[in-house]
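J.: Listed below, chain by chain, are the residues.
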Amino acid sequence: MTHYLLAVHGPAERNEFGNYGSKQEMEEAFAATGAFNEKLHTDGYWVFAGGLQPASTATVVDGREETPVMTDGPYLETKEVIGGFWVIDAPDLDVALKLAAEGSKACRGKVEVRPFEGLA
Amino acid sequence: MHGETAAVEQVFRQEYGRLIASLVRRFGDIDIAEEAAGEALVAALEKWPESGVPPNPGGWLTITAGNRAIDRIRREKQRDAKHQAALMHQDDTPHEPTGPVEDDRLRLLFTCCHPALAPEARIALTLRLLGGLTVAEIAQAFLVSETTMAQRVTRAKKKIAAAKVPFRVPEAADVPERLGGVLTVLFLIFNEGYLATSDGDPVRADLTREAIRLTRVLRQLLPEEPEVAGLLGLLLLTEARREARVRNGQLVPLDEQDRAGWDRGLIAEGHDLVRECLAINRPGRYQMLAAINAVHTDAPNASDTDWSQVVALYDQLTRLDPSPIVALNRAVAVAELDGPQVALTLIDRLPLTGYHPWHAARADLLRRLGRTAEAKRTYDAAIAATHNSAERAYLSRKRGELLVR
Numbered sequence: 001m002t003h004y005l006l007a008v009h010g011p012a013e014r015n016e017f018g019n020y021g022s023k024q025e026m027e028e029a030f031a032a033t034g035a036f037n038e039k040l041h042t043d044g045y046w047v048f049a050g051g052l053q054p055a056s057t058a059t060v061v062d063g064r065e066e067t068p069v070m071t072d073g074p075y076l077e078t079k080e081v082i083g084g085f086w087v088i089d090a091p092d093l094d095v096a097l098k099l100a101a102e103g104s105k106a107c108r109g110k111v112e113v114r115p116f117e118g119l120a
Numbered sequence: 001m002h003g004e005t006a007a008v009e010q011v012f013r014q015e016y017g018r019l020i021a022s023l024v025r026r027f028g029d030i031d032i033a034e035e036a037a038g039e040a041l042v043a044a045l046e047k048w049p050e051s052g053v054p055p056n057p058g059g060w061l062t063i064t065a066g067n068r069a070i071d072r073i074r075r076e077k078q079r080d081a082k083h084q085a086a087l088m089h090q091d092d093t094p095h096e097p098t099g100p101v102e103d104d105r106l107r108l109l110f111t112c113c114h115p116a117l118a119p120e121a122r123i124a125l126t127l128r129l130l131g132g133l134t135v136a137e138i139a140q141a142f143l144v145s146e147t148t149m150a151q152r153v154t155r156a157k158k159k160i161a162a163a164k165v166p167f168r169v170p171e172a173a174d175v176p177e178r179l180g181g182v183l184t185v186l187f188l189i190f191n192e193g194y195l196a197t198s199d200g201d202p203v204r205a206d207l208t209r210e211a212i213r214l215t216r217v218l219r220q221l222l223p224e225e226p227e228v229a230g231l232l233g234l235l236l237l238t239e240a241r242r243e244a245r246v247r248n249g250q251l252v253p254l255d256e257q258d259r260a261g262w263d264r265g266l267i268a269e270g271h272d273l274v275r276e277c278l279a280i281n282r283p284g285r286y287q288m289l290a291a292i293n294a295v296h297t298d299a300p301n302a303s304d305t306d307w308s309q310v311v312a313l314y315d316q317l318t319r320l321d322p323s324p325i326v327a328l329n330r331a332v333a334v335a336e337l338d339g340p341q342v343a344l345t346l347i348d349r350l351p352l353t354g355y356h357p358w359h360a361a362r363a364d365l366l367r368r369l370g371r372t373a374e375a376k377r378t379y380d381a382a383i384a385a386t387h388n389s390a391e392r393a394y395l396s397r398k399r400g401e402l403l404v405r
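Going down the list, the sequences are from chains A and B.
Each residue of the first sequence is one higher than the one before, counting from 1 in this note's numbering.
Each residue of the second sequence is one higher than the one before, counting from 1 in this note's numbering.
Honestly, the hints are just simulated from the structure, not real lab data.
We put the CB at the ideal spot given by N, CA and C, even for glycine.
Take the hints with a grain of salt, since some may be wrong.
[Stated by the list, open to error] Here are the simulated distance ranges between beta carbons:
{"id": "1", "chain 1": "A", "residue 1": "Phe30", "chain 2": "B", "residue 2": "Ala150", "range": "45 to 51 Å"}
{"id": "2", "chain 1": "B", "residue 1": "Glu243", "chain 2": "A", "residue 2": "Lys79", "range": "36 to 42 Å"}
{"id": "3", "chain 1": "A", "residue 1": "Gly44", "chain 2": "B", "residue 2": "Ala43", "range": "44 to 50 Å"}
{"id": "4", "chain 1": "A", "residue 1": "Ala32", "chain 2": "B", "residue 2": "Pro223", "range": "34 to 40 Å"}
Work the whole structure out from these sequences, hints included.
T.: Following this line, the structure appears as structure tokens:
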């Protein structure tokens, strides 16, 4: 089994309904995502998942020099940021890609799949 | 001695795809498989010139490479727990079933053509691992530097290992979706064999045969899929003309080929496949190309070719695949029906100045129109754009004939 990060990409700018067009759309996405999370638990792929606050709440820390430097905002200013993620444990990439497709459909966002080199 | 080395290398190359595929299945790691295969080649180069090529060279290479891989894993296991795990895996676990078809190469083929890999990497990996081409040859085929191609192959192999792209034939439900990528790669391998882009052998029968063999295996797996039948038909009808296609190191175009030299067995099989596709009636790109080749191989002489049928099939193909290359081939057929001027007008519009068949087709039409000076220049452009020795020889002859007149 390999751990995979399923990172959900979405617009950096959020409206009052998160990344969604309307309240109804947002609620539908939440319900679908909840159901998908249940499925990950039931099928044994679940490790961890969460939604993130907007990228504007991010702080970049550069501690490579003696005095750490804090910078407000995400590492890269882009129109698309990671809005949330799942960490799953899957036997291979084909399984991870299938789950990512389901997750993408549920949360209505593009999902990037990346294997972990290991877990600490 | 040199001849013996070349003979060993030839055997090695023929066996390479099978060897790598079985090693990958066994050890679950492409790098280990490639290293072990390389060591088996070194061993063969030492032994075979003295002892002679063994009766089953593929078996010999597989056993030798397998032993070398195990030696290597044992040597490294103290300092690398991962390799130890790999050894355990191969010692304890029975081979995973491959599904309906037990063929390591097919399994590796689906891995190499995995949609998570970049399209150009799929072709490169398939040619490297299953076709046994060197990185330099693949680089030349794709007109990129060897460094770039080496990086492309390395990156793809790393992704396969790190992201765990599985080594298996997809489940039946996923096969149709994964099929397009595999067919594309097989077709490109066949084409590389049929008209090698590099300046070595003009025709690489080992590649055309390998593409056909893999397509046959794919057909066993997917007997109901008309595009697989179509691709197989296309490859067989093209392969049937291979022997007649080069004479004295010179490419012989379709209309000048000795049709008695065509392989009637392959043609009959190809025609059967085309008929089967017509009956299924779910047309696709490869089926159309097969049908076009069926018309050509149906004509006892070039002058008997049913060009209106060919153009009609290209019209249908254009609806499925409106690419400029299809338009170019259609225009070549149009020349036979409506004359070279009509065809030239069609061809001149196409954005294919970097594609040598475009120059070759233009040169031929200009020659037929008696525009000799332009034809000469265009033949020069075509010759400059191709590395295939037989094609260069053919184009040079055509250009030379212009000078005589």
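J.: Confirm or reject each hint.
T.: Taking the hints in turn, this is what the structure says about them:
1. A/Phe30 - B/Ala150: 45 to 51 Å: 47 Å, holds
2. B/Glu243 - A/Lys79: 36 to 42 Å: Distance hint for B/Glu243, A/Lys79 is violated at roughly 58 Å.
3. A/Gly44 - B/Ala43: 44 to 50 Å: 45 Å, holds
4. A/Ala32 - B/Pro223: 34 to 40 Å: Holds, at about 38 Å.
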